[in-house]
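Visitor: What follows is each chain in one-letter form.
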Amino acid sequence: MSVLDINKIRQDFPILDEKVNGRDLVYFDNAATTQKPFVVLEALANYYGHYNANIHRGIHFLAEKATSAFEDSRTTIQKFLNAAQKEEIIFTYGTTDGINLVAQTYGRKFLKEGDEIIISTLEHHSNIVPWQMLCEEKGCVLRVIPIDDKGDLILEEYEKMLSEKTKFVSVVHVSNALGTINDVKFIIDKAHEVGAKVLIDGAQASSHITIDVQTLDADFYAFSAHKLFGPTGMGVLYGKLDILNAMPPYRGGGEMIKEVTFEKTTYNELPYKFEAGTPNIADVVAVKFAIDYINELGKENIAAYEDELLKYATDQLSEISGLRIIGQAKEKVSVVSFVLDGIHPQDVGVILDQQGIAIRTGHHCTQPLMNRLGLPGTSRASFAVYNTKPEIDKLVAGIHKVKKMVL
Amino acid sequence: MTINEIQDEIIEEFELFDDWEGKYEYIIDLGKKLPKLADEHKNQDNIIKGCQSIVWLHAYKKDDKLHFEADSEAIIVKGLVSMLVKVMTNHTPEEILKSDLYFIDKVGLASHLAQTRSNGLASMVKQMRAYAVAYQAKDN
Ligand SMILES: Cc1ncc(COP(=O)(O)O)c(C=O)c1O
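So the sequences go chain by chain: A and B. Taking my numbering, the leading residue of the first sequence gets 1, the next gets one more, and so forth. Taking my numbering, the leading residue of the second sequence gets 1, the next gets one more, and so forth.
These are calculated hints, taken from the structure and not from any lab test. The C-beta atom is built at its ideal place from N, Cα and C for all residues, glycine as well. One or more hints might be untrue.
[Stated by the list, open to error] Heads up, simulated DSSO-like pairs for lysine-lysine below, C-alpha to C-alpha not over 30 Å straight-line: (1) K160(A) x K86(A); (2) K403(A) x K86(B); (3) K106(B) x K401(A); (4) K401(A) x K32(B).
[Stated by the list, open to error] Footprint (simulated), chain A over chain B, 3 or more residues, beta carbon under 8 Å: (5) 19-29; (6) 54-67.
Turn these sequences into a full structure, and let the hints steer you where they fit.
Guide: In structure tokens, the structure reads:
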């Protein structure tokens, strides 16, 4: 039994009262994006309703209030990641934006022809394409850590790949398609032994796992607010201070400068050097409320409850004949990917949708992974703290209906 | 039959169903009944872009009329596609280009047309019209 009062938590998320196709919504697409609690919605309304102003430059009351709320969020996130300093927290538009920032600044400045970049088979397209673009421009070589049939990285192969040529490693913390939790501490330590820098794509980890960038010794860590009950279009890039300082700025504009003349511009200090233009103030302000909400529930409590849901779903789904669970890694978050014999994932998704159940079907932006698994795609149910076992029962009944209708 | 007569016939058939299950079972049944597309036509060029499942569309002309054959990996898409093929096949390019496909909306499947990215019904219609334009151009 969970120490959390799940029914009370459900009341914090207004969308859970929605009806879809005449049924109570069952939202199992949390790996794509999570729903937002009232506190986050209120924070957005409050900001726009009471202290909307541009930040860092105004001297009036509203500007100061907005600036202080904006910077409070930075401090909250610093603590959330256990970063050493608040200047190491860069606001971005999301995980994708953070990874591109690193590839386009650190990558372009420090990587050269023949250098090797290591990613893994589990990567989301957003942790593949930016590195391919860099490789194309710089003549670097992209190498890929293989997986075994259960969806775990084969770390012995990774160790063999490492050499003095390895200059960068960019690996996902938690796989969005399979739920695999990677041993990123090991990956980081081994990369550091050969002098390579490491970025961790934390998009799927941030809402499930306690993250301590100092213990991990990660050089970069990227995640998106919308996957942890926060707003869309807001993300975070953590980077070690000395590395961020050595990196050239990314976008030019206001806010990121110290002094501009037509002859020469000097750049602002961290973190503003990487935050050109008016930022996404409202969403940055609101993310603090999402993190406070998580902290109030307690990440360990959330993880324990989600684990209970994962076990229950895995057991129940395994009972269905013709259903195969894809991804049985040693350690997983609350994501269950599956295929049904003789039924295309899209048909599963459409028929479940008719029953008010939202899951994700397809390749989950991980086409190379699907190719490795020899699948056109999977159906994926991903759980959050507001989901329940009776909802999982509805999924199971829904899948039986899919089979009855299609086969 | 004209394009509109075929559409009206489909709309009439759907009036028999009062819940989603009957409707979808019927679509699935249409999908199962759609003749398999010959392997030679299941080539890269015939793949409709923008679908979550692979959809193939093959077109040819016979006696001034366009004919379509299609297939998909997913059975519901195949059923939807089968209706489109039924409506659009054996008409002249002019008729196809003039047509207004109201049946999709009338039978309550408009959401499938809107969700272009997931099942590509809209891409399919577009591709059928593109064939019509191409064959028209060839003749002139
Ligand atoms: C593992 C992983 N990386 C990166 C991303 C990209 O995140 P965003 O679209 O928020 O930039 C996602 C989102 O689905 C993801 O699951």
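Visitor: All hints are to be evaluated individually against the structure, with a verdict given for each.
Guide: Verification of the supplied hints:
{"no.": "1", "hint": "K160(A) x K86(A)", "result": "violated, 36 Å"}
{"no.": "2", "hint": "K403(A) x K86(B)", "result": "holds, 27 Å"}
{"no.": "3", "hint": "K106(B) x K401(A)", "result": "holds, 26 Å"}
{"no.": "4", "hint": "K401(A) x K32(B)", "result": "holds, 18 Å"}
{"no.": "5", "hint": "19-29", "result": "holds (count 5)"}
{"no.": "6", "hint": "54-67", "result": "violated (count 1)"}
Violated hints for the displayed structure, listed by number in ascending order: 1 and 6.
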